[in-house]
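Student: The chain contents come next:
Number of protein chains: 2
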Amino acid sequence: MISKNIYTIIMAGGIGSRFWPQSRQALPKQFVDILGAGNSLLEMTWNRAKKFSSLEDILILTNKAYEELVADHLEGVLTENILTEPSRNNTAPCIAYAAFKLYKKNPDAVMAILPSDQLILKEDVYYNKLSKAIDFAKENNALLTLGIHPTRPDTGYGYIHFAQDDNEVKKVLSFKEKPNLETAKQYIASGDYLWNAGIFIWKAKDAIDAFEKYAPDVYKLFKSGMEFYNTAQEEEFIKENYPKSPNISIDYAIMEKAENVYTVPADMGWSDLGTWASLWSVKDKDENENVVIAQENILLSNTKNSIISAHKEKLVVVDGLEDFIIVDKQDVLLIYPKTKEQEIKDVMKKLEQRNAHKYL
Amino acid sequence: MISKNIYTIIMAGGIGSRFWPQSRQALPKQFVDILGAGNSLLEMTWNRAKKFSSLEDILILTNKAYEELVADHLEGVLTENILTEPSRNNTAPCIAYAAFKLYKKNPDAVMAILPSDQLILKEDVYYNKLSKAIDFAKENNALLTLGIHPTRPDTGYGYIHFAQDDNEVKKVLSFKEKPNLETAKQYIASGDYLWNAGIFIWKAKDAIDAFEKYAPDVYKLFKSGMEFYNTAQEEEFIKENYPKSPNISIDYAIMEKAENVYTVPADMGWSDLGTWASLWSVKDKDENENVVIAQENILLSNTKNSIISAHKEKLVVVDGLEDFIIVDKQDVLLIYPKTKEQEIKDVMKKLEQRNAHKYL
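Those sequence lines, one after another, are chains A and B. Per our numbering, residue 1318 is the first one in the first sequence, and the count goes up by one each step. Per our numbering, residue 1318 is the first one in the second sequence, and the count goes up by one each step.
Hints may be right or wrong, so weigh each one.
What the hints assert, rightly or not - Pairwise CB distance ranges (calculated):
1) B:Glu1553 <-> A:Asp1350: 28 to 38 Å
2) B:Val1442 <-> A:Lys1662: 47 to 57 Å
3) A:Thr1656 <-> B:Asp1648: 47 to 57 Å
Unchecked claim - Result set (DSS-like, lysine-lysine): computed pairs, CA atoms no more than 30 Å apart in a straight line:
4) B:Lys1522 <-> B:Lys1540
5) B:Lys1540 <-> A:Lys1657
6) A:Lys1631 <-> B:Lys1675
7) A:Lys1667 <-> B:Lys1631
Stated by the list, open to error - Negatives, chain A to chain B, calculated, CB over 10 Å:
8) Leu1344
9) Ala1382
10) Pro1470
11) Asn1564
12) Trp1597
13) Asn1614
14) Lys1631
15) Gly1637
16) Lys1657
Honestly, the hints are just simulated from the structure, not real lab data. In this text, a Cβ means the ideal position worked out from N, Cα and C, and glycines have one as well.
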């Protein structure tokens, strides 16, 4: 499946704040073995990427702070392929940087851009749909996404409104930002909407054209570095110029505006594991619908529909909890109703107000 | 207040199993700063003992396993005054050993026997009542206890039925073992009962006489060591003979049978801190009746009547718990309804069955 012009861009610079305290600023979600299965989400993404691109053609974009972590997690990664962002400016500048760099190296480059912190349970479907998208991107000036069939009216995702036709690659009519619950329900009832999983496929050239048209500030900034990409001066250029970019997402900068957007619906057992409830929903459960991540010693009684995560050697004894999240880390213990997990980010705000940054 | 013939015996060999997982076999309750106030219960007992006895006259009886812990906890303790029990045979042999040893040293010795794991909030009352008991024991062949006015129909304590009269030292009519709830309520309604706190005061000679009369096996065993006490051979004698003693409590061996038993009612802010609920009842509470032991960082919401204990630097975030015990130790996390705390010992049994001894 590996093809010469296919480059994989793994975006591994996020903080994963909705998964606190499992995900921490010092060790975000993508570096955590959240499933307790022996591999971090980043490692799993890397293993999938290797099916499409040779080692030299996989770039990891991450924050400067996580450079060593990435190197530690990814066996065989080429050091020069770990590109570090000196500042947090969201996804548009990150993708623009990669597009220019690859275009200079190979004007025919096709980029598959993958978040580093997602779970994909049906890998065969994923490979199949991603191949379809890559083939389409090769032949067309098209910006593609993989779209996920929504399973619930989630208000935390962006939605893709697509044209119903018989093609496997569907024309996108519009991108819809996080809807309210009523709207989300209508979207699902219509059958015309998919979740935007943040997986993008396009030629580097087509991305650059789109930046020029819809996000000229970003375009100009990264075009000005053309002479430095893939040279000894690249790092210096990025260090100085990257922070000057607008802080803007690729959805907002391009996807919501461009007219050549397409999607491949992919029923690939996807979860962004963005929240504890989403983790609970994908994991094996005991007879009382509890999810226990990794503990070897646990005693649960009168406890249902809960998710428990602690160090595997820690003994956890719980009686009488229903629909709870219990997360025990070295320095943080969280006991929170599963239905109120959106409030966990308020907990983090309170910690910031108290200057308790060490717990973030 | 220190008087030449007054010896204090601190019993520090217990396991404190009802306070698991704060109390562990390797570090029982008496060695723990359970209140988070900076001192272990043993240290507090030691500090009180020093008001009545000089350093040479305070004996610590503990299990062999805790010898070093005792030395670490008690500043100024004389090494030769830490007496180690080679086996766990309950309180009768422990007290018999001390009585014979002291009697040999000083036939007029008065012994004040103190559990090492109790809390006394009104120390002035304690000193006053203990002095009264000591004075009475000096002048009379009498076995005395301090009695606690019961504040609830607790079924976990022994009760003392005493004769109502105008004396400060009351004649005891009988000892009653742990009653059922109905009986406990009747005891409290009558006003004729006190809790047995396990604090005993008597002359060594009177104790020996009582052992001879009511527990002749124990008497004979420890009498046979008379020539060795306070010599270089004492340790060897104890090591060989102590385990031969019947496993029997002082209550059962003597107090329930003897006719010369007296009690001094003492309203001294006593708690045996035997359970989490008893700890909850003596600690300062927040506006929602929660007790937080030592944490510097805690975020509680919708949480009431609960008790939370964790390492002081651990951040604990809890939402939606009512009447719960939350105890976090390095290797154990317990989340349990406060009303079901008597079941915690069943948890320990389950751990034994699983051979998970490291958590006990």
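Student: Each hint: holds or not?
Tutor: Structure-based check of each hint:
no.: 1; hint: B:Glu1553 <-> A:Asp1350: 28 to 38 Å; in the structure: violated (55 Å)
no.: 2; hint: B:Val1442 <-> A:Lys1662: 47 to 57 Å; in the structure: holds (51 Å)
no.: 3; hint: A:Thr1656 <-> B:Asp1648: 47 to 57 Å; in the structure: violated (30 Å)
no.: 4; hint: B:Lys1522 <-> B:Lys1540; in the structure: holds (12 Å)
no.: 5; hint: B:Lys1540 <-> A:Lys1657; in the structure: violated (68 Å)
no.: 6; hint: A:Lys1631 <-> B:Lys1675; in the structure: holds (11 Å)
no.: 7; hint: A:Lys1667 <-> B:Lys1631; in the structure: holds (16 Å)
no.: 8; hint: Leu1344; in the structure: holds (16 Å)
no.: 9; hint: Ala1382; in the structure: holds (21 Å)
no.: 10; hint: Pro1470; in the structure: holds (24 Å)
no.: 11; hint: Asn1564; in the structure: holds (29 Å)
no.: 12; hint: Trp1597; in the structure: holds (17 Å)
no.: 13; hint: Asn1614; in the structure: violated (6 Å)
no.: 14; hint: Lys1631; in the structure: violated (6 Å)
no.: 15; hint: Gly1637; in the structure: violated (5 Å)
no.: 16; hint: Lys1657; in the structure: violated (6 Å)
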